[in-house]
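Asker: Below are the chains, spelled out letter by letter.
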Amino acid sequence: MIKFNRFYTQFNILSSLLIILSLILLIFKGLNFGIDFKGGTLIELRSSDTKINVSSLRDNLKQMDLGDVSVKKFGNDQDYLIKFENKNNKKNIIEEIRSSLDKSFGNNFDFRRVENVGPKVSAELLKSGIIAISISLAVMLIYIWIRFEWQFSLGAILALFHDVIVTLGLFSLLNLEINLSIIAAVLTIVGYSMNDTVVIFDRVRENLRKYSDIKIFELTNISINETLSRTLITSITTLLALLSIFFFGGEILKGFSLAMIFGVVFGTYSSIYIANSVLVRLNVSQKTILKEDEKN
Amino acid sequence: MLYFSKLRIISISFICLFFIFVASNNLFSPDKRFFDKKINLGLDLQGGSYLLLEIDNSPVIEQKLQNTTSTIRTYFKDKGIRIGNLNLSNQKISFTVEEQFKQSVIDEFNNENSEINPYYPRFKSHQFDLVDLGNSLELNFSKQGLVELKNSSQDQALEIVRRRIDEIGTNEPNILKRGNDRVLVELPGLDDPKRIKSLLGKTANLTFRFVSNDNQDSFGVEKLKHENGLDEDFVSKRIILSGDNLLDAQPRMDSQTNETVVSFTLDRVGAKRFGKATSANIGRQLAIILDGKIISAPVIRDTIASGSGQISGGFTFQSATDLSLLLRSGALPAPLNIIEERTVGPDLGQDSIDAGMIALIIGFLLVIIFIFIKYKTFGLITNVTLIINLLILLGILTLFEATLTLPGIAGIILTVGMAVDANVLIFERIKEELKNEKNNIIAFDSGYVKSRTAILDANITTLLAAIILFFMGSGPIKGFSVTLGVGIFTTLFSVYFIARLFTSIYVTKNKDKEALI
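Residue numbers (the working numbering), protein chains in the order written: chain A, 65 to 360; chain B, 199 to 715.
These are computed hints drawn from the structure, not numbers from a lab.
Please note that the accuracy of each hint is not assured.
As the list claims (entries may be wrong) - Chain A stretches covered by chain B per the calculated footprint, using a threshold of three residues with CB under 8 Å from any CB of chain B:
#1 227–237
#2 247–253
#3 286–297
#4 300–310
#5 317–327
#6 337–344
Just so you know, these numbers come straight off a predicted model, no measurement behind them.
Built from N, CA and C at the ideal position, the CB exists for glycine as well.
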């Protein structure tokens, strides 16, 4: 049996540090919002001329008064991703760029994807994204509260907060883009992390009924170990699926699968070290469970 | 938990076969299908354009209030009440009235049956709110009045947008209302929405008005720019004819001038009015005005009584085609602004499908191999179940004609990863049970029973996330939540019915074997 419980304190301190660090990053560095949430224009283009490169494209676009322009390679060697604010909200900006590029480089471009999000829409998308995440956290809190005692609910929610905040912190640190699909990823992380926590909690509850003489500190460790093989196998299969999306699913799904991969790792860790240590710190005992049973 | 009645086995097999049959429908070309249902590909996979248009209602509000100001003036004039300082600004009408009449004016506005409130009998609420500011009164749209106005202009805009897009003849367009001042347009297969954007960007408000250079016209004049942006002319505000009177418009080549023109046909009322106006004004210039700009201002040489005519204005064939299309489909009630646009080219869509498929196959193989190595016979059972699970999932998506997006494919792959979880929970539990229980059947049975709460709780929490995503999320996220949510149901079904059936058959046959799992 692995002694997970020996490191509760150390890992709790580490997690608190990670959360504080993430919050500092989120407050001072902020997130790299994509055009979904910031508004602006995105163009993915493919050139058939190998002489074209990022800097020549950037130079050409800089002359067009587009506000902040970012140009970078996107997957393939000949694919580029151009993003700009489109501050003046010019209507025919895409046609203008097309003709300007054609003029400078010849007719060598294929506009594979164009996205243009106005400021009003992006503000709405951001708002509904935040609402979606908040509601799902609340709904899960209520669900766990109904199914378990409040101590369990608190532990699950703290674990969830940890996963979401640290994943977002990592996105801030690595300057990865936050777009609509990242919101979906964050919500799935929430679901996955909850899933993991619930499986261990279920076992803790069962063991609490079974043994009246074992203290919660030992009991959580027994439960973690009993469910450990399941935790590992599920994490591995999910990671296998996610890694294949990351490596083979194309550029567009990269950010999404990366967020999920972080989430699965943090989710597995937090179910063991945060959710369970909360039970220990709240001194959950057989009485907590029996009280619930009497009620039913 | 291991016992299955014959009826149950038959119904499980039937359900599986049914959905596999439904899913297989997608493999055939449209004319060879068993029935007319398939999974639709989202715009991100098949390529196409998504446009979100917002109706700018302020001109409509302005116009309505303008009409109301004249109504107020004449209405109270007839009642012998003098309205002073009648003024329209910031979408509000303000006016003053002598103190002695003030109360009766307020009463008149609040009276549900008064003729000043024609709106009330129809909608059972007031169109305007009247605010007493002490020395003046202020009238503005009430909440209900504004909602009604927006709804009606949205209905009209939707209709006109549909007509214009139908005229261009794109493939299966999707035109929907969003909120009460937006219209969503989805155009599958369209990789350059330039033409549609320019067609939807025009209100196409056509009027015929006389050019008046003597500034003496009783209706007032306004200065309007020509289409070329350089010249200007004074044009009477009185409308001789508007686009509403047009029956048809077509691009045509004028054989005499060799110029592309738009020829139009007027309805009976329009033809009559046009004939009268032209006969009385030979020698004057008649301006043809589209969206506040003069297209041309030809001199009337003769009476036009036939009810048909032509507009020339230096058109190319394309612009003449577009203008006649706009005139045929009618004017928008208010200008539309494109506030969100997403276009994916068809080759990128195909690339995304390919990448998604490769990821799905590789992810699937990795999971299958891993599970097989880990559980051998039961791994095989899990894997067969997993494949059936995927087919049922596709079958349900086909039945509901769901739209598969790239995030949707990601949702399926994630389902593959997590579907294994329930089986793993059960098998691990059975292993534990076998440590204390030598009877295989009892151990398997209690393994299923004891793992059930954990599996249900875990799946319900993920399902909750999927449901919230479905209702809160937009566009691509919805596709993800659909496959994830449906995936949870098919997973639970395949774990508790299909995999359990296989397990039960295997265990009953090998009940005396040691180290079964």
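Asker: All hints, please: hold or fail.
Answerer: Outcome of the hint check:
Figure legend: the region 227–237 of chain A, annotated as covered by chain B; annotation inconsistent (0 residues with Cβ-Cβ distances under 8 Å, at least 3 required). Counting residues of the region 247–253 of chain A whose CB lies closer than 8 Å to any CB of chain B gives 4, which reaches the minimum of 3, so the coverage claim holds. Against chain B, the region 286–297 of chain A contributes 5 residues with a C-beta closer than 8 Å to a partner C-beta. That satisfies the three-residue criterion, and the hint holds. Counting residues of the region 300–310 of chain A whose C-beta sits closer than 8 Å to any C-beta of chain B gives 10, which meets the bar of three, so the coverage hint holds.
Counting residues of the region 317–327 of chain A whose CB falls under 8 Å from any CB of chain B gives 4; the rule of at least 3 is met. Residue count for the region 337–344 of chain A with a Cβ under 8 Å from a Cβ of chain B: 0. That is fewer than the three needed, and the coverage hint is violated.
Figure legend: structure checked against the earlier numbered hints; hints not met, in rising order: 1 and 6.
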